[in-house]
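Visitor: Listed below, chain by chain, are the residues.
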Amino acid sequence: MAILSKDEAQNILKKVISFSKADECSATLNGRMRGNIRYARNNVSTAGASDNVSLVVESRFGKRAGVATCNQFDDDTLRRCVQRAEEIAKLAPEDPEYVPLLGPQQYLTPVSFAQSTASITPDFRAQVAGDSIAACQSRSLTAAGYLEDGATFTALRNSKGLEAYQQGTNLDFSVTVRTADGKGSGYAVADFTDVSKFDAKAITKIAADKAAGSVNAQAMEPGKYTVILEPAALVSDEGLLNRLFYELGAREADEGRSFLSKKGGGNKLGQKLFDERVTIYSDPLNPEVPSNVFDGDGLPAKKMTWIEKGVLKNLYYSRFWAEKNKVAATAFPNNFIMTGGTQTTADLIKGTAKGILVTRLWYIRDVDPQSLLVTGLTRDGTFYIENGKIKHPVKNFRFNESPVIMLNNIEAIGKPQRLGGNLVPPLKIRDFTFTSLSDAV
Amino acid sequence: MKRREFVGLTSLAAGALFLPSIPGFGGSLVDPERLLEQVDPAVKKRMADAALNAAKSAGATYADVRIGRYLNQSVFTREKQVQNIASGESYGAGVRVIANGTWGFAATNSVTEAGLAKAAQLAVQIAKANSKVQKEQVQLAPQKGYGEVSWKTPIQQNAFEVPIAQKVELLLAANAKALDNGASFVNSSLFQINEQKYFASTDGSYIDQDIHRIWPTFTVSVVDRATGKFRSRDALSSPMGLGYEYLTPKAVDQVAGPAGTGLIGYRNSYDILADATLAAKQAKEKITAKSVVPGKYDLVLDPNHLGLTIHESIGHATELDRVLGYEANYAGTSFATLDKWKTKNFQYGSKLVNIVADKTQPGSLGAVGYDDEGVKTGQWDLIKNGVLVDYQKIRDQAGIVGQDHSDGCCYAQSWQDVQFQRMANVSLQPGTAKMSVDDMIKNVDKGVYIAGRGSYSIDQQRYNFQFGGTVFYAIEKGKIAGMIEDVAYQANTQEFWNSCAAICDRSDYRMFGSFFDGKGQPSQVSAVSHGSATTRFNGVNVINTARKIG
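So the protein sequences, as listed, match chains A and B. Read in my numbering, the first sequence has 265 at position 265, and its numbers run on one by one without any break. So my numbering is basically just the index in the second sequence, starting at one, shifted up by 1000.
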């Protein structure tokens, strides 16, 4: 039930629109099938699965809008849902940021769905956990990991003739491996559209090797260091580049409350803000990181360059802000792709005389939105590099650094890798600011 | 980049349009009238028994069922306009079982006897599948059944009974106060939650609970176009386990802040209009405030700031699931290891530091009669005279540390999530000698006074932390000497708590709250309060956070 076909979904939406008495009506069907398994202390701790389809109806009378939802799709329920949205709309205050619904749009053909991932079973998940645990137990190591997979669809339709449909799949896997004495810890993470590319044992081995290799870390003085940041340190749940991507909104910049606001008013579009090797774009059809071809408003997603050779080329404009500023609106991007070279992380290490290899960062929080300064800590695999080789593990550091400053201090850029649905290269950065030591392992 | 990550709870302006992605604020959008309905406990008991019987028949040795209606309402505004109003309901049931010594869990939104029985059977099936890779059998601390009992948050006014127009009017009035006093922008919001939870287990408990929480908040921003500088000041409210009465200010609930700051501390009621007025003035003052000179300072920390430091450096560190390694892959483990606890003399803090875990404190976010695995709640010591004496535990952990009872801190954010160990209210006890905040400050030669939550970050074992705040004042020779900016302090948890040199008395005691505390995979939120009085810490490392990016 959770993944309806295009025809099944649009047939429901057509009925919804036909029941509408409002000036404008839009309807969205979202469906999701999800499963997960979690393990720790070399044992499965929890596992679950869920599926759900829900309908959101938005009705508008003039500038007044009302929204209602339901998760059953017989005619009576659909009628009631539309009526409720209309009742709420009549009572709502006028929205000063009202923009009319979009008419028909042209969309790219999405490539973000893999049947193999949509067909994952609970037995498969138990096998993944079992394999990962076994790979650690045989080395007297302890695994804690998490696998989550899902298939989704979204269908839109509105009274102006807009019609859209897309499906997607995703699998996220992460594992932290610790030594029995608690003196070593390693981490690895990966995500996929197609499960057939997923190898839990290989990913677990990376974490296990880092755990075994990080025992008896030595303390080094905090200060400015050359660092190699692996992709997990850049765009995972706690990634240094996340904050930069979030801040690409035009409205905040124009309102004067973003690092992209210009002194005296306006924003920094067209200015060179980063090293000229920095190019960041979004592309829903990239085969490595395919993503949605439209956003929640029905705006078509397309290839969009945000930063090109260090210059800020585009900002994210909502439909309201775009209309106010007489520019084209932007679909909110669902992936970020940072271009790079051909060097692996191992190659970057080989080319480093002295530096620190960072596997993962943790608890990154804004310190100053004016400069985008953030703080956080290294975690689960931090190593000292000397003369092109990993010399020894080091104690974890706290850092205070701005990704804006960091992207002006680039020494080398490696080969982009998929992480969190994005494509990001490992980066070698000079003068990265570590401000204190942590005893955490 | 996932869309839900873009929402970011700090970015309330963006959050309005994508409300269902805020944890705890999903569910189906409903007519606000629906929020006042209740389901008859007799009906829930019948369905619960269907689930328990089905689980036992399928081979479960233990089963519990939680039938929950999770209701929420939120109102978002900015400046002079409403951004979003949503009322949500999520109704369903989760069944948890032990079969072959292994946990299994399944949830359903088909709240019928047949639907629950089916979920129970699926939970047993999952438990049996997972038992093939299970090495240690689950052992539950014994728990007697309570029969049919109930508990309700002792509120004076159900927030859902208050017309939405009245809430909008209040938020817009607060925005107007901020704009009139120099704010460039202001976002305000009101979150309200009601959990109608029914728990039943094969131990013989049938527990009906009605839990309420509320959180009014805002962010005021001032932009100085000429210099390009911008600063913001958040509300100094707390999320609370109270009804709408929290928004009717009472003088008895207000504590004057240090002389020269204009700050007011709030207990069980909050004056949003006064705070919005002050916030705009303080945000303006922040634009021109002096930048802190880094170095060692004595810190004087207001309860509305210190609560988050307690939360991160003690609350999370004493959660037994972290200590044991269950959260190693995400939230992390803990420096407060079992070997330290077993010595019975691990000096977590100075002798002044007494930390109590409490699931009963009136007005707190964590107050419930029974937890989500049917254990009656209470309070217990975590740190006594500075020494680590206990942890926060649930039923399947107690035996691992040789104890025979749960502390009653098991929680799930909804019926469809599995319950696990979550933080109780963890609070610093006030000083026993009479002392006001001004009494405390007059003995500080070189210090910084901090109120409100700011940037906060701590490592995965809770050793090293860095905290900012909402407003900062220099203390020089026993007096407040003006606002300062760019302040953060970095410390090691044990060193920090051992530098605790004075605590104000009970008259200064107030609660800080965390409404969206995240933990677990998949992540779940919970809400928790932390009480304290203003507290002094000596010789803490303060850094300057200002940077130039051109």
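Just so you know, the hints here were simulated from the structure itself, not pulled from any lab data. A virtual CB, placed ideally from N, CA and C, is assigned to each residue, including glycine. Please note that a few of the clues may not be correct.
[Unchecked claim] Here are the simulated distance ranges between beta carbons:
{"id": "1", "chain 1": "B", "residue 1": "Pro1294", "chain 2": "A", "residue 2": "Lys313", "range": "43 to 53 Å"}
{"id": "2", "chain 1": "A", "residue 1": "Asp431", "chain 2": "B", "residue 2": "Gln1139", "range": "50 to 60 Å"}
{"id": "3", "chain 1": "A", "residue 1": "Arg80", "chain 2": "B", "residue 2": "Lys1056", "range": "35 to 45 Å"}
{"id": "4", "chain 1": "A", "residue 1": "Lys63", "chain 2": "B", "residue 2": "Gln1379", "range": "25 to 35 Å"}
{"id": "5", "chain 1": "A", "residue 1": "Asp123", "chain 2": "B", "residue 2": "Lys1056", "range": "17 to 27 Å"}
{"id": "6", "chain 1": "A", "residue 1": "Gly182", "chain 2": "B", "residue 2": "Lys1080", "range": "38 to 48 Å"}
{"id": "7", "chain 1": "B", "residue 1": "Gln1166", "chain 2": "A", "residue 2": "Lys201", "range": "54 to 64 Å"}
{"id": "8", "chain 1": "A", "residue 1": "Gly223", "chain 2": "B", "residue 2": "Lys1446", "range": "52 to 62 Å"}
{"id": "9", "chain 1": "A", "residue 1": "Asp123", "chain 2": "B", "residue 2": "Ser1057", "range": "20 to 30 Å"}
[As the list claims (entries may be wrong)] With a cut-off of at most 27 Å between alpha-carbon atoms, the simulated DSS-like pairs for lysine-lysine come out as follows:
{"id": "10", "chain 1": "A", "residue 1": "Lys201", "chain 2": "B", "residue 2": "Lys1344"}
{"id": "11", "chain 1": "A", "residue 1": "Lys205", "chain 2": "B", "residue 2": "Lys1340"}
{"id": "12", "chain 1": "B", "residue 1": "Lys1548", "chain 2": "A", "residue 2": "Lys313"}
{"id": "13", "chain 1": "B", "residue 1": "Lys1229", "chain 2": "A", "residue 2": "Lys313"}
{"id": "14", "chain 1": "A", "residue 1": "Lys263", "chain 2": "B", "residue 2": "Lys1229"}
{"id": "15", "chain 1": "B", "residue 1": "Lys1344", "chain 2": "A", "residue 2": "Lys183"}
{"id": "16", "chain 1": "B", "residue 1": "Lys1340", "chain 2": "A", "residue 2": "Lys263"}
{"id": "17", "chain 1": "B", "residue 1": "Lys1281", "chain 2": "A", "residue 2": "Lys262"}
{"id": "18", "chain 1": "B", "residue 1": "Lys1056", "chain 2": "A", "residue 2": "Lys63"}
{"id": "19", "chain 1": "B", "residue 1": "Lys1132", "chain 2": "A", "residue 2": "Lys263"}
{"id": "20", "chain 1": "B", "residue 1": "Lys1342", "chain 2": "A", "residue 2": "Lys183"}
{"id": "21", "chain 1": "A", "residue 1": "Lys326", "chain 2": "B", "residue 2": "Lys1080"}
{"id": "22", "chain 1": "B", "residue 1": "Lys1135", "chain 2": "A", "residue 2": "Lys205"}
{"id": "23", "chain 1": "A", "residue 1": "Lys205", "chain 2": "A", "residue 2": "Lys395"}
{"id": "24", "chain 1": "B", "residue 1": "Lys1290", "chain 2": "A", "residue 2": "Lys262"}
{"id": "25", "chain 1": "B", "residue 1": "Lys1296", "chain 2": "A", "residue 2": "Lys263"}
{"id": "26", "chain 1": "B", "residue 1": "Lys1340", "chain 2": "A", "residue 2": "Lys183"}
{"id": "27", "chain 1": "A", "residue 1": "Lys395", "chain 2": "B", "residue 2": "Lys1340"}
{"id": "28", "chain 1": "A", "residue 1": "Lys262", "chain 2": "B", "residue 2": "Lys1132"}
{"id": "29", "chain 1": "A", "residue 1": "Lys183", "chain 2": "B", "residue 2": "Lys1548"}
{"id": "30", "chain 1": "B", "residue 1": "Lys1548", "chain 2": "B", "residue 2": "Lys1229"}
{"id": "31", "chain 1": "A", "residue 1": "Lys272", "chain 2": "B", "residue 2": "Lys1128"}
{"id": "32", "chain 1": "B", "residue 1": "Lys1229", "chain 2": "A", "residue 2": "Lys272"}
{"id": "33", "chain 1": "B", "residue 1": "Lys1128", "chain 2": "A", "residue 2": "Lys201"}
{"id": "34", "chain 1": "B", "residue 1": "Lys1056", "chain 2": "B", "residue 2": "Lys1132"}
{"id": "35", "chain 1": "B", "residue 1": "Lys1284", "chain 2": "A", "residue 2": "Lys268"}
{"id": "36", "chain 1": "B", "residue 1": "Lys1548", "chain 2": "A", "residue 2": "Lys263"}
{"id": "37", "chain 1": "B", "residue 1": "Lys1229", "chain 2": "A", "residue 2": "Lys262"}
{"id": "38", "chain 1": "A", "residue 1": "Lys324", "chain 2": "B", "residue 2": "Lys1080"}
{"id": "39", "chain 1": "B", "residue 1": "Lys1296", "chain 2": "A", "residue 2": "Lys395"}
{"id": "40", "chain 1": "B", "residue 1": "Lys1548", "chain 2": "A", "residue 2": "Lys224"}
Visitor: CA of B:Lys1342 to CA of A:Lys183, is that 27 Å or under?
Guide: holds, 20 Å
Visitor: Can the suggested window of 20 to 30 Å be confirmed for the beta-carbon pair A:Asp123 and B:Ser1057?
Guide: holds, 23 Å
Visitor: Going straight from one Cα to the other, do B:Lys1229 and A:Lys313 come out at no more than 27 Å?
Guide: Holds: B:Lys1229 and A:Lys313 sit about 23 Å apart, inside 27 Å.
Visitor: Straight-line Cα separation of B:Lys1296 and A:Lys395 no greater than 27 Å?
Guide: holds, 24 Å
Visitor: Hey, B:Lys1340 versus A:Lys263, does the alpha-carbon distance stay inside 27 Å?
Guide: violated, 54 Å
Visitor: Is the straight-line distance between the alpha-carbon of B:Lys1229 and that of A:Lys262 27 Å or less?
Guide: Between B:Lys1229 and A:Lys262 the Cα gap is close to 10 Å, so the pair holds against 27 Å.
Visitor: Between the alpha carbons of B:Lys1284 and A:Lys268, is the straight-line distance 27 Å or under?
Guide: It holds: about 24 Å lies between the C-alpha atoms, which stays within 27 Å.
Visitor: Check the hint pairing B:Lys1281 with A:Lys262 against an upper bound of 27 Å on the C-alpha distance.
Guide: This hinted pair holds, its Cα atoms lying about 24 Å apart.
Visitor: For A:Lys263 and B:Lys1229, compute the direct alpha-carbon distance and say whether it is at most 27 Å.
Guide: OK: A:Lys263 and B:Lys1229 at ~8 Å, within 27 Å.
Visitor: Regarding the pair B:Lys1548 and B:Lys1229, is the alpha-carbon distance no greater than 27 Å?
Guide: Roughly 11 Å between the alpha carbons, so the hint for B:Lys1548 and B:Lys1229 holds.
Visitor: Given the hinted pair B:Lys1548 and A:Lys313, is their alpha-carbon gap at most 27 Å?
Guide: holds, 22 Å
Visitor: Can you confirm whether the C-alpha distance between B:Lys1344 and A:Lys183 stays at or below 27 Å?
Guide: holds, 23 Å
In this structure, the hints that do not hold are numbers 1, 4, 6, 8, 10, 11, 16, 18, 19, 25, 28, 29, 31, in rising order.
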